[in-house]
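> Listed here are the chains, written in short residue letters.
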Amino acid sequence: MKNVNSLPGPDDIYREVLPNGITVLSRSNFNSPSVVVTGFFEAGALFDPDEKLGLAEYTSLALMRGTRSRTFDEIYNALESVGAGLGFNTGVHKSGFHGRSLAEDLHLLLELLCEALTTPVFPKTEMEKLRAQLLTGLAIRAEDTSDMASMVFDNILFKGHPYSRPEDGFPETIREIKRGDLVKFHREHYGPRGMVIAIVGGVKPEDAVKQVKRALGGWQNKHQKNTPALPSLKPLKRTINKHHRIVGKSQSDLIIGTNGPMRRDPEFMSASIGNNILGQFGMMGRIGDVVREKSGLAYYAYSSLSAGLGPGSWEVSAGVNPQNVKKASELILDELKRFIQEGVTADELADTKANFIGRVPLSLESNGGVANALLNIERHQLGLDYYHRYQGLVEEVTADNVLTTARKFIDLDKLVIASAGP
Amino acid sequence: MTHTLIQTTLSNGLKVLLKEVHTAPIISSWLWYRVGSRDEIQGRTGVSHWVEHMQFKGTDQFPANILDKAISREGGTWNAFTYMDWTAYFETMPADKIDLALRLEADRMQNSRFLPEEVASERTVIISEREGSENEPLFLLGEAVQQTAFRIHPYHHEVIGDMADLRTITRDDLYNHYRTFYVPNNAVMAVAGDFDTQSMLGRIRELFERIPAGREPARLARPEPAQQGEVRLAVEGPGSTSYVQVCYRFPPASHPDFFPLAVLDSLLAGPSNLNMFSGGISNKTSRLYRALVDKEYVVSVHGGAQATIEPFMYTITMTIHPRRKPEEALAALDREIQRVKEEKVTKEEITRAIKQARALFAYGSENITNQGFWLGYAEMFADYNWFETYLEKLSAVTVKDVQRVANEYFKLQSRVVGTYIPLDRKGSS
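Top line first, the protein sequences correspond to chains A and B. Read in order, the letters of the first sequence correspond to residues 1 to 422 in the numbering used here. Read in order, the letters of the second sequence correspond to residues 423 to 851 in the numbering used here.
To be clear, the hints were calculated from the coordinates, so they are not data collected in a lab. Worth double-checking, as some hints may not be accurate.
Said to hold, decoys possible - DSBU-like cross-link-like pairs, simulated, lysine-lysine; straight-line CA separation at most 35 Å:
no. : chain 1 : residue 1 : chain 2 : residue 2
1   : B       : K777      : A       : K204
2   : B       : K747      : A       : K337
3   : B       : K491      : A       : K178
4   : B       : K491      : A       : K129
5   : A       : K294      : A       : K242
Can you make the complete structure from the sequences, with help from the hints?
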């Protein structure tokens with residue numbers, strides 16, 4: 001092998017915190033003629049009042065509908081004319097952005113990012129166009145068995161907690177939001193404190209940082225509010241089963257699961273390895289083997305771990321014929337039972353460890369892959385040497401760790417079983 | 423960046439393309455077969471896709487469970503795709519592990535088992551895959567439009583096949599299809615990544631050259647006759663959102679007009695992204711967005727053509743604004759199509775389309791898997807030179823070319839218009 005890139009580490013990740021609080025991370029990749037700019041800031045759906053749920057997302061999607069210096073059409077004309085892209089998104093804790101362009105157009109991308117973040121004007125006509133698009137999106141969501149099963153699941157598992165609410169809101173809450181709400185949300189929650197930007201691609205890190213300083217280094221917002229603390233989560237007391245009916249569909253989506261660890265919990269790695277064995281490895285792990293390969297009940301059947309800044313979830317999902325929901329549920333419950341009774345075998349553990357270590361170069365081959373890795377490091381305070389330590393973190397997990405973690409989180413008498421379909 | 427690229431054909435007819443790329447310690451290996459849903463007769467629709475599924479069910483040397491575990495254990499990723507014109511299998515692996523993928527593909531080119539019990543369990547998996555698609559209004563609409571546009575040509579059915587056939591296709595149907603089309607002289611091996619060309623070629627010869635050539639499989643030849651007038655259809659289904667698909671007849675990818683049409687697509691609907699492993703860009707300043715979304719006839723509009731061997735379609739898909747009727751959106755679309763036929767586009771618009779294509783190619787080049795994909799993909803409908811000279815060909819497009827192809831291909835009388843009419847049934851817990 002020649003000219004092999006090493007994994008990102010303290011020696012080639014450039015990190016600088018600007019005086020106004022923005023953290024910039026950068027890594028160059030001169031094999032690529034393009035560049036990715038991505039990041040997050042403290043303006044997530046946590047701030048949404050119940051009656052205006054969807055406000056954070058509405059605000060982030062409206063940022064590029066017009067700024068003090070450009071109209072919606074002018075913003076996108078500048079971007080699309082050079083084949084660049086820039087978009088915003090919203091999660092519970094943070095909102096974020098993702099952009100890319102040819103390296104020669106990085107200055108333009110940052111200029112537009114800066115305008116959208118700092119000087120949006122939320123034109124009334126554009127707000128209404130966007131509202132119709134959001135409402136159509138929600139109408140489509142109401143007919144989507146996967147989206148609705150997931151909403152039912154979160155609503156039960158996180159009852160009374162902000163995680164129970166969909167970030168994109170409901171039709172009635174989107175209709176409630178006025179232009180003034182967006183202006184206020186922007187004034188109170190958009191600011192440099194807590195913002196992180198990663199730039200990866202055909203640019204020198206020092207140049208990238210210089211350009212970020214020029215664009216956003218002078219940004220201040222004395223009104224920026226602190227993110228509220230998460231309330232504690234009430235644990236499930238028993239298994240709750242709920243079906244959401246959507247007439248006329250030919251397939252149902254099923255989700256069975258419970259709470260999982262936070263990303264920063266010590267159990268995260270053992271849960272992640274356990275989850276891989278349960279419903280990921282090869283063609284969707286043990287769950288895929290039983291539900292898809294042996295029983296032929298589903299095209300997809302897998303498990304997933306959602307571990308972020310707050311309490312996570314551990315879910316098994318499958319798309320099955322409506323007649324087979326019960327049968328698939330029973331097979332999944334049997335596998336969960338086996339998982340917490342017997343744990344994993346030495347061979348399974350070795351396979352998954354090899355997979356976790358071996359797949360790292362693939363996940364880091366594109367600029368976007370590296371940029372996401374840098375953001376993850378920063379979001380969860382993993383340390384710039386995380387990828388250098390990663391192999392050790394994987395290798396130290398034992399079968400006992402996996403079993404203890406599985407038993408800590410999975411209780412067969414306290415599950416959520418959510419489905420949506422006819 | 424310099425790349426070494428070679429193309430050669432082994433004595434058994436297997437075409438091999440190798441591209442050395444030393445940007446990451448990764449190799450992506452692709453094996454392409456010239457078989458897809460357009461090689462299926464009625465009664466056996468979906469057989470190509472089902473064969474693709476069976477290729478993951480193992481050989482004597484690599485039983486099913488061993489296969490996927492072996493790839494995953496090495497940190498690789500693998501998958502397969504069945505399309506109208508082709509079926510492709512790929513593995514992307516850490517560079518020092520690629521031999522596993524090569525051995526596996528050589529083995530399953532001729533030794534897949536197709537056990538009856540595996541066929542039986544895969545039948546219900548594929549039926550489930552189709553049922554999942556049937557949940558989507560745009561699948562139902564797209565299927566109806568395609569079946570209407572192609573009455574004679576085998577492009578008329580969806581790759582997944584008709585439910586009636588998925589219930590009745592036999593193990594022998596599958597196995598015969600496999601034996602007929604999975605021969606080295608009907609395949610292209612394309613490998614990109616961190617290897618030495620001569621060693622890689624040597625290893626491919628060692629593993630693949632001993633597989634005997636088969637009879638050259640014949641492809642179905644049933645040209646679609648010219649359409650005599652616009653066809654409109656409606657599909658009803660659950661939901662509260664209407665969709666309209668408008669399909670115009672387009673030339674194959676190897677036709678010179680494909681390039682001015684790509685420019686036209688870029689300025690009408692935003693550039694189509696032909697990369698399989700890298701996303702596209704927004705289309706908010708395309709002509710159709712400005713005329714339809716900005717003016718609130720629709721909430722989204724997308725257009726695109728696919729690179730096919732034989733003439734296929736350019737499809738415009740509109741999600742209708744809740745306060746509008748599908749006919750209003752269609753009328754607004756027609757005004758925009760008429761404009762591009764009557765008025766010359768500007769030189770700036772062409773320059774812009776070329777820059778957009780250049781950026782999309784740059785994004786795609788970050789990824790070894792995508793580079794491996796292009797090596798073989800272009801061979802399926804033209805040759806690799808098609809890909810390498812794509813930007814040059816776009817640069818040669820003139821204002822006059824664009825106007826000519828707009829008039830030649832965007833014809834009312836040869837289009838199909840499909841509308842999805844939602845029945846607005848509400849869900850209840």
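> So, for every hint listed, does it hold in this structure?
Status of each hint after checking the structure:
1. K777/B - K204/A: holds (23 Å)
2. K747/B - K337/A: With a Cα-Cα distance of about 52 Å, the restraint between K747/B and K337/A is violated, given a limit of 35 Å.
3. K491/B - K178/A: The hint is violated at about 53 Å.
4. K491/B - K129/A: violated (49 Å)
5. K294/A - K242/A: OK: K294/A and K242/A at ~27 Å, within 35 Å.
Hints 2, 3 and 4 from the earlier list are contradicted by this structure; the remaining hints agree with it.
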